[in-house]
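Taken in sequence, the protein lines are chains A and B. Residues 1 to 256 in the working numbering are what the first sequence lists, from first letter to last. Residues 1 to 620 in the working numbering are what the second sequence lists, from first letter to last.
Any given hint might turn out to be false.
As the list claims (entries may be wrong) - Quick partial rundown of chain B residues pointing at chain A, CB under 8 angstroms, derived from the structure:
#1 Asp70
#2 Ala114
#3 His181
#4 Tyr198
#5 Gly223
#6 Gly228
#7 Ser229
#8 Asp232
#9 Val233
#10 Glu267
#11 Ile362
#12 Met471
#13 Leu522
#14 Ser523
#15 Leu527
Bear in mind the hints are in silico, worked out from the structure with no lab data behind them. For clarity, every value in this text was computed on a predicted model and none was experimentally measured. Just so you know, even glycine gets a beta-carbon here, dropped at the ideal spot from N, CA and C.
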Amino acid sequence: MSPASVFVCLSLTLLSDYPVIRVKPDHSGVVTDGVKHSMNPFCEIAVEEAVKLKEKKFIKEVVAVSCGPTQVTETIRTALAMGCDRGIHVEVSGKDYEAMGPLQIAKIFAALAKKEEASLVILGKQAIDDDCNQTGQMTAALLDWPQGTFASEVTIDGEKVKVVREIDGGLETIKISMPAVLTADLRLNTPRYATLPNIMKAKKKKIANMKPADLGVDMVSRVEVLRVDEPPTRLAGVKVETVDDLVAKLKANGTI
Amino acid sequence: MFPASRYSIQAQRCIRALKTVQAEHAPSQHYTWGRNCSSAVMPRITSHYTIFPRDKDPRWEGVEMERFADEADVVIVGGGPAGLSAAIRLKQLAKEQEKELRVCLVEKASQIGAHTLSGACLEPSALNELFPDWKERGAPLNTPVTEDLFSILTEKYRIPVPMLPGLPMNNHGNYIVRLGHFVHWLGEQAEELGVEIYPGYAAAEVLFHEDGSVKGIATNDVGIAKDGSPKDVFERGMELHAKVTLFGEGCHGHLAKQLYRQFNLRENCEPQTYAIGLKELWVIDEKKWRPGRVEHSVGWPLNRNTYGGSFLYHLNEGEPLVALGFVVGLDYTNPYLSPFREFQRWKHHPFVAKTLEGGDRIAYGARALNEGGYQCLPKVTFPGGMLIGCSPGFMNVPKIKGTHTAMKSGMLAAEAIFPKVTAEDPASETAGLHIPEYEDNLKKSWIWKELYAVRNIRPSFHNYFGLYGGMIYTGVFYWILRGKEPWTLKHAGLDSAQLKPAKECTPIEYPKPDGKLSFDLLSSVALSGTNHEGDQPPHLTLKDDSIPVANNLAIYDGPEQRFCPAGVYEYVPLETGEGMRLQINAQNCVHCKTCDIKDPSQNINWVVPEGSGGPAYNGL
Numbered sequence: 001m002s003p004a005s006v007f008v009c010l011s012l013t014l015l016s017d018y019p020v021i022r023v024k025p026d027h028s029g030v031v032t033d034g035v036k037h038s039m040n041p042f043c044e045i046a047v048e049e050a051v052k053l054k055e056k057k058f059i060k061e062v063v064a065v066s067c068g069p070t071q072v073t074e075t076i077r078t079a080l081a082m083g084c085d086r087g088i089h090v091e092v093s094g095k096d097y098e099a100m101g102p103l104q105i106a107k108i109f110a111a112l113a114k115k116e117e118a119s120l121v122i123l124g125k126q127a128i129d130d131d132c133n134q135t136g137q138m139t140a141a142l143l144d145w146p147q148g149t150f151a152s153e154v155t156i157d158g159e160k161v162k163v164v165r166e167i168d169g170g171l172e173t174i175k176i177s178m179p180a181v182l183t184a185d186l187r188l189n190t191p192r193y194a195t196l197p198n199i200m201k202a203k204k205k206k207i208a209n210m211k212p213a214d215l216g217v218d219m220v221s222r223v224e225v226l227r228v229d230e231p232p233t234r235l236a237g238v239k240v241e242t243v244d245d246l247v248a249k250l251k252a253n254g255t256i
Numbered sequence: 001m002f003p004a005s006r007y008s009i010q011a012q013r014c015i016r017a018l019k020t021v022q023a024e025h026a027p028s029q030h031y032t033w034g035r036n037c038s039s040a041v042m043p044r045i046t047s048h049y050t051i052f053p054r055d056k057d058p059r060w061e062g063v064e065m066e067r068f069a070d071e072a073d074v075v076i077v078g079g080g081p082a083g084l085s086a087a088i089r090l091k092q093l094a095k096e097q098e099k100e101l102r103v104c105l106v107e108k109a110s111q112i113g114a115h116t117l118s119g120a121c122l123e124p125s126a127l128n129e130l131f132p133d134w135k136e137r138g139a140p141l142n143t144p145v146t147e148d149l150f151s152i153l154t155e156k157y158r159i160p161v162p163m164l165p166g167l168p169m170n171n172h173g174n175y176i177v178r179l180g181h182f183v184h185w186l187g188e189q190a191e192e193l194g195v196e197i198y199p200g201y202a203a204a205e206v207l208f209h210e211d212g213s214v215k216g217i218a219t220n221d222v223g224i225a226k227d228g229s230p231k232d233v234f235e236r237g238m239e240l241h242a243k244v245t246l247f248g249e250g251c252h253g254h255l256a257k258q259l260y261r262q263f264n265l266r267e268n269c270e271p272q273t274y275a276i277g278l279k280e281l282w283v284i285d286e287k288k289w290r291p292g293r294v295e296h297s298v299g300w301p302l303n304r305n306t307y308g309g310s311f312l313y314h315l316n317e318g319e320p321l322v323a324l325g326f327v328v329g330l331d332y333t334n335p336y337l338s339p340f341r342e343f344q345r346w347k348h349h350p351f352v353a354k355t356l357e358g359g360d361r362i363a364y365g366a367r368a369l370n371e372g373g374y375q376c377l378p379k380v381t382f383p384g385g386m387l388i389g390c391s392p393g394f395m396n397v398p399k400i401k402g403t404h405t406a407m408k409s410g411m412l413a414a415e416a417i418f419p420k421v422t423a424e425d426p427a428s429e430t431a432g433l434h435i436p437e438y439e440d441n442l443k444k445s446w447i448w449k450e451l452y453a454v455r456n457i458r459p460s461f462h463n464y465f466g467l468y469g470g471m472i473y474t475g476v477f478y479w480i481l482r483g484k485e486p487w488t489l490k491h492a493g494l495d496s497a498q499l500k501p502a503k504e505c506t507p508i509e510y511p512k513p514d515g516k517l518s519f520d521l522l523s524s525v526a527l528s529g530t531n532h533e534g535d536q537p538p539h540l541t542l543k544d545d546s547i548p549v550a551n552n553l554a555i556y557d558g559p560e561q562r563f564c565p566a567g568v569y570e571y572v573p574l575e576t577g578e579g580m581r582l583q584i585n586a587q588n589c590v591h592c593k594t595c596d597i598k599d600p601s602q603n604i605n606w607v608v609p610e611g612s613g614g615p616a617y618n619g620l
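Sequences are here, hints too, so could you generate the full structure?
Structure, rendered in structure tokens:
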């Protein structure tokens, strides 16, 4: 029986590749006001994979899900413009949003996946603002589903999924049974552009709204951020003339 | 013709400095550029389809080029103060008169406000007309001006100039704003009123009806590779058709450039003259912070014949933030002048340094601005469209304010358009509506009176005494006569024609950046947050790839490597053989348009890159 619906779980991140990030004066975090936010690049790859699977007729419906404040609906719209069928926005704002971490998000995704009877949950492997690389794995554990993480190739074979994973030693191919959780790595695909006509059409697609409480999830964080600091400024290098000088310098600053 | 082996000492120093610059770029393809009669093997620079049409390109055979089209009543290009004010006014009128109106606005930045840069001291006149209740709506006008200082700087000292009421620079009643945040707020107001705003989509092409009137615009194509060939993810842009299209691209818009030619809009006005403005945001030591204080200066480090000056505004938004910057008129004559380095060295003046010492720089950006005023206003209406805002150029130069006039022009455009687009029978001769009432309304409005009164101040700088002659003229004729003198002075002509050959000029010795007050170009560009999709044709297109080395470098010592505030242009040695080539680092571009304006060969044509590319200014 072909899988019914696939959940793509999206993250809205600070595009930390190139915008200017600075630490808040009270060192409690980084300044996010006015900084450009957009869909996490690995989540874009996840959406692309889900839409490709639908186009190949392996799955019937793709649902885009994201947790966060109202800004997040823009991200869901982009996913809808790329080809998802409908969206779910789990509203988390204010203090809850600042404290939200992979565990809370995983609980929400797990509850939703169970509620909507998803066959496949696809996420990006990690968010580029916190680089946690935990949400996918935690979601799978909470659901007690098999997981195919760091996927660089996904093929559906009847009731099973063949996943080629990028690991330190090279590539590992595994076969897992559905329902399963997959996380997308960089080389899985090249995401398509969300073109303007599709953005306009996406305005007509449905985005359902709900709160974590509706899913029975408590948002209490077990992690407390004590302090955020900028990395130390890189000091200029020092050139030495001989090896003896090098040894002397290393001894002087306590390295050896 | 020009021996490439002879370089000035300055060029050699530049080359050595540039060699240490790490620029990531795809290896350039080498073509023997026979078509330009050059025997040197020059790597090809330009691959954009506006220079090499795709219908003659074999790589594009069989590619689907159909575009999806949609209809709106009004399409607005550009989400700045003018475009947004026009959109808001249209929707306000629609609400008042209970009519339906579809207004679509496209903006090349990834979010509204991300490409906005200005001083800025906002005169709230237009805002008061647009939203009398702006305070309740939460408009970010948080810093009323409390102190107004004007100085003439010498290398070590400062001569204060009294800011008498009546002088154009007097800022009583105005607000220091972060224009990017203000524009963002305008965007929110527009969306609430039902305007369809599409950030991240650039208007790349003007569409025409059979009868020659403007039909609308097409957004940029995506997925073209750096060499001009289609990628797998290639998608055509979309066409937006409208009864009237408003072009609010800001100073020196690229579509406006095309429209001037198409409809001959500039036949009865002088060519526009510009300046480049560079800006930084600093968090300073609290003890030095004077919220509401406005400081302007002229003089050092510029000589009396180079128009320009500085601004430094103390914002009042919670933390001790100052917005500061430097403006240099682009009619400067010395090709060795670098506006960026003038800005950096100005910060070392004792009067400026004392405010900045101990502070941190958190943002940087640059943009060209209009200096032409009244004499340079083109015709602003044509069949199917009109020009609003800084695009035709309503900036009041001595006041150094253009936002209030840009907003007002957008509002006047909306008021002229509204009855026509909602009429049952538009009674138009052309398929795209021609609405000359907009131009009539402009001439009757306070914009016209204001620009007329100050029309002679900027051109008065073109005299032997330069800056001082201009200041005396302002004091006598403007302050006393309020611009009522019967004559109208002329500007000097095209900015690009003002450069003297390098051999007639002296190179300027700029001090090295100290990393505390002054900085190098590349770390500044990093702070602008600019980026573009790397694998796309460079959007700084050259009509002729051989001209930069043959003309710009040979005669003018490559001024583009100095006037570009983002390090886009570099002359680097050829990989094989003798000679130099121009390297275009298109990813660094901050969309300031200075190169298109100042290129002495007028060979550079700035076109819009893929949408969402460009700077990521946050409240600049």
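Hints, verified against the model:
Given the 8 angstroms rule on beta carbons, the hint for Asp70 of chain B holds: about 7 angstroms separates it from the nearest Cβ of chain A. Interface restraint check for Ala114 of chain B: the shortest CB-CB distance to chain A comes to about 7 angstroms, inside 8 angstroms, so the restraint holds. Below 8 angstroms, beta-carbon pairs count as interface contacts, and His181 of chain B has one with chain A at about 7 angstroms; its hint therefore holds. For the restraint placing Tyr198 of chain B at the interface with chain A, the shortest Cβ-Cβ distance is roughly 6 angstroms, inside the 8 angstroms limit, so the hint holds.
Restraint check, Gly223 of chain B versus chain A: the minimum CB separation of about 6 angstroms is within 8 angstroms; hint holds. Against a cut-off of 8 angstroms between C-beta atoms, the interface hint on Gly228 of chain B is violated, since the closest Cβ of chain A lies about 18 angstroms away. Hint on Ser229 of chain B is violated. Least Cβ distance to chain A is approximately 15 angstroms, over the 8 angstroms limit. Taking 8 angstroms as the C-beta cut-off, the interface hint given for Asp232 of chain B holds, the closest approach to chain A being about 7 angstroms.
The closest approach between the C-beta of Val233 of chain B and any C-beta of chain A is roughly 5 angstroms, which is under the 8 angstroms cut-off, so the hint is satisfied. Taking 8 angstroms as the C-beta cut-off, the interface hint given for Glu267 of chain B is violated, the closest approach to chain A being about 35 angstroms. Hint on Ile362 of chain B holds. Least Cβ distance to chain A is approximately 6 angstroms, under the 8 angstroms limit. A hinted interface residue such as Met471 of chain B counts as satisfied when its beta carbon comes closer than 8 angstroms to some beta carbon of chain A; here the least separation is about 37 angstroms, so the hint is violated.
Taking 8 angstroms as the C-beta cut-off, the interface hint given for Leu522 of chain B is violated, the closest approach to chain A being about 13 angstroms. Against a cut-off of 8 angstroms between C-beta atoms, the interface hint on Ser523 of chain B is violated, since the closest Cβ of chain A lies about 11 angstroms away. A hinted interface residue such as Leu527 of chain B counts as satisfied when its beta carbon comes closer than 8 angstroms to some beta carbon of chain A; here the least separation is about 5 angstroms, so the hint holds.
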